Amino acid sequence: MTILGILIPVSLLLGGIGLAAFFWALKNRQYEDPQGDASRILTKDWDDRPKP
Amino acid sequence: MTALPRMDTTPSACPACAVVPSAQRLAALSAAAGGRIMLSLPGVHCAACISTVEGGLASLPGVRSARVNLTLRRVSVDAEPAVLTETLILALNRLGYEAHELDAGLLSATETDRQGRDLLMRLGVAGFSMMNVMLLSVAVWSGAEDATRDMFHWISAAIAIPTVIFAGQPFFRSAWAALKAGRLGMDVPISLAIILASSISLYETAKGGHHAYFDAAVMLTFFLLAGRYLDHRTRAVARSAAEELAALEVPRAIVLRDGTEQVLPVSAVSVGDLVRVRPGGRMPVDGIVTEGSSEVDRSLLTGESLPVYAGPGTVISAGEVNLTGPLTVRVSAAGKDSSLHRMADLVAIAESARTRYTSLADRAARLYSPGVHLLSFGAFAAWMWITGGDVRFAINISAAVLIITCPCALGLAVPAVVTAASGKLFRKGLLIKHGTALERLAEVDTVVFDKTGTLTLGMPEPTNLQDHPIEVRAVAVALARASSHPLAMALAAAGGGAAEVSGIVEVPGYGIEGQWRGRRVRLGRAGWTGAKPLDVTATYLSLGAASHAFTFADRLRPGAEAAVQALASQGKKVLLISGDAEGAVRDLAQRLGITNWTAGALPAEKAAAVARLSAQGHRVLMVGDGLNDTAALAAAHVSISPASALDAARVASDIVLLGQDMAPIGDAARIAAQATRRIKENFAISILYNVVAVPVALVGLATPLAAALAMSLSSITVSLNALRLK
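Protein sequences appear in the order of chains A and B. For the first sequence, the positions run 1 to 52 when this note's numbering is used. For the second sequence, the positions run 1001 to 1726 when this note's numbering is used.
One or more of the hints may lead you astray.
[Claimed, not checked] Derived, one-sided and incomplete: chain B residues facing chain A with beta-carbon distance under 7 angstroms: (1) Asn1069; (2) Thr1071; (3) Leu1120; (4) Met1121.
[Claimed, not checked] Cβ pair distances, simulated, as ranges: (5) Gly18(A) with Lys1680(B): 34 to 40 angstroms; (6) Trp1176(B) with Trp46(A): 45 to 51 angstroms; (7) Lys27(A) with Ala1048(B): 27 to 33 angstroms.
None of these hints come from the bench; they were simulated from the model. These figures come from a predicted structure and were not determined experimentally. Each residue gets a CB set at the ideal place from its N, CA and C atoms; glycine is no exception.
Model the full structure from these sequences, guided by the hints.
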C-alpha cells in the first residue's frame, strides 16, 4: 500500500495542474464567447498560417 | 458638434476606479475599450456569418479589427476615431445583417462579467475537489479500512473543507441575508446541508468513524453552483442586452436662448423655452408650435399611421416625430409633466395592478424549505428518543436527510430548462428580459397585437400605382423625389421614371409644388390639392383640374402572417387593437385573417381592453411598440415588443424581439409551453427520488455511497431532461 504515498500526491498534482490551467483560461477571457469559439473552428480563415 | 457616442480614451473615464482594488487593471480595460464601437447583430448565427461580418468590416478604411461575439450577438469594432458608426451599420446592411448601435460606455462588461467569472471560478474549484474527493471516497467504499480509511478521510477533509469554505460562499451569503430578513429561502437548507455534512464528517474523521460525507458536501456545492451559474448567465445576457438597447436614445433638445441654439439635456429645459425641432427629429417636450409648418408622425403615441399637419398654434406632444419642415416650439410641459411622463405613470399604475406572479420554482421552494427542516429535525428528535440520547447517531441521520433531500431539482433543473429555452429563443432573435416570462408565456390563451410599428413596419408602400397613367405617375415621382416625407419617399422609390418638372418647391406641412408643361402641379394633402380625401392613407396629385389619389398601405413586418397563423393554430385567440383609422386597420386585419379588430383605440382604452380580457379569466400576451401600447404592455400577463419600439415600451415588456422578423413569436409560445412542461417533469422526477431515498435515510440506512448515487442520478436526469427541449 506504500504506493499510495506516491500515487495520491501525483493525482492531486495532476488535478491541480488542470485547475491552474482553468484559472489561466478564465483570467484570459476564454469563456467570453463559447458559441463563437465553437463556430470559429469551422472557418477556413487562417487555416494555413496563424493570424498575425 | 460631434456627439458620437464613443468612449473616452483617457483612463480617468472611470471615476469609481480609484476605490476599486484592481483599479489599474480596470483602467487598462476601459482604455482598451476606447475607440471601440459596439454593434448589436441579431442576425448572426453561424461560422460563415462570423467571417462575412469580420471580413466585411475589416475591409473598410480606418477599421483596425472587428471581432464578433456569437454568444452575445454583437460585434466590437476597433476603428480610428474618424470612422462613423453609420458607415459600419450601412456596410453591415449591405452584407445582409441588421445592426443597431450600442452604447459602449454603458456596457456592463466589468460588473456582470466579474460576477460570472467569480461563479465560474468557484465552480471550477468545486469540480476539481469533487473529482479528487470522489476518487478517495470510492476507495473507502470499496473496502479501505482502519488506518488507510482514516488517512483517506483526512485527505478528503483537507481538500473538501477549504473548497466548501471558498465555493459555498454564494449560498452562505444569500442564506445569511435571508435569515437576517427573517425569511427561509432556498439557500438556508442548502447552506445547512453543506455545513452540517462537512462538520459531521470532520468530527467522524477525528473519531475514526466509518462514514464521512465530504464527497456529498462537495458534490452538492458543485451541482448547485452549476445551476447558479446557468441562472446568472441567462440573466446577465438578457440584462446587458436590455440595458444597451435602452441606451439607444439620448434625450436632448435644441433650445433657443439669447438668439443662439444650445443643445441641452431634456431635464434642463423649462416651461416657456423655445425649442427647435429639425425635420426627422423627435419632439423632446410638450408644447405649442410658434414658427414653421410641417407634418408630424404621431404613430408611436397614438398608432395613427397618417402624418398630421402642424403649424403655428398646433399642440404637439413629446415623442412625436417632425417630418418635413423645421418647427419652433414653445414649451408647455417638460420633464415630469410632459405627456411622455404621464404615459409612464400610466405604466406604473398598470404594473402595480399586475398580480405578482410567483414562479414555479418559488412556489415549490415555499413548500420545500420548511418541509425539509421539519423532516430533518423530526428525524433527529425521533432517533434521540429511540437510541436514548445518542447525539452523534441522531445528527448523522438528520445530516443524511438534509443531504438527500437537497434541492438539486430546484437549484439545477429549473435554471437548466430556462437556460436551454432562452438560449434557443435568443438564437431565434428573442430576448427574454424577465425570469418568469417563459412560464407566463406558456399560460397565454389570448394574443393582442398593436398595428403600426408592430405588425407593420411603419413604412408605407404604394398600393394603386398601376391604376394611374404612366404620365401621371412620372409627374408624381418627380415631385416626390424632392421631399423626405415618408409617403413621398415610398412613392419615389416605387414609381419608376420621372417626368421633367421645373421649379419644384416643398411647402412644409402641405406638400410639393412644381411646373409641368406650363401647368402647376401639386402633390400633397387632399385639401391643398383640391382632391376629395379618402379614408385610407393616401397622397394626392393635382394635374390642372384633375386630381389623382395614390393610396398606401403600411408594409407588413416580415413573419407577421406566420406569427399570427402559428398562434391561431395553437388555439390562441388573436386580437388587433390599434389607434389608427378604421380603413387601415380593416385592411390589415383582412390581410392577416384577424376577425377580431378594433380601430381608433386610445392608450387608456387599450389597457382597459387588456384588463377586461384578464378579468374574464384570459391570459393575455400583448405585442406592441408605441407609447400608446405601454400601459397595455404592462397590464398584460406577458408582453413582447420589437427592438425598434420606444424605450418605455421595451422597459414595460418582458420579451424583446431583436430582429425584424416576427415569426419567432409563434415559436416562442410553443417553446415556452414545452419548457414549463419540462420544469414540471423535473419536479416530478426529483420528488420521485425523494420518495425513494428519504425513507432510506430516515431509517438510518443511507450510507455516503447511497447519498452520492441519489444526488448525482437525480441531478443528471433532470439536466438531461432539460436538454430534450426542441
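Under the constraints set out in the numbered hints, which ones does this structure not fulfil?
Per hint list: zero violations.
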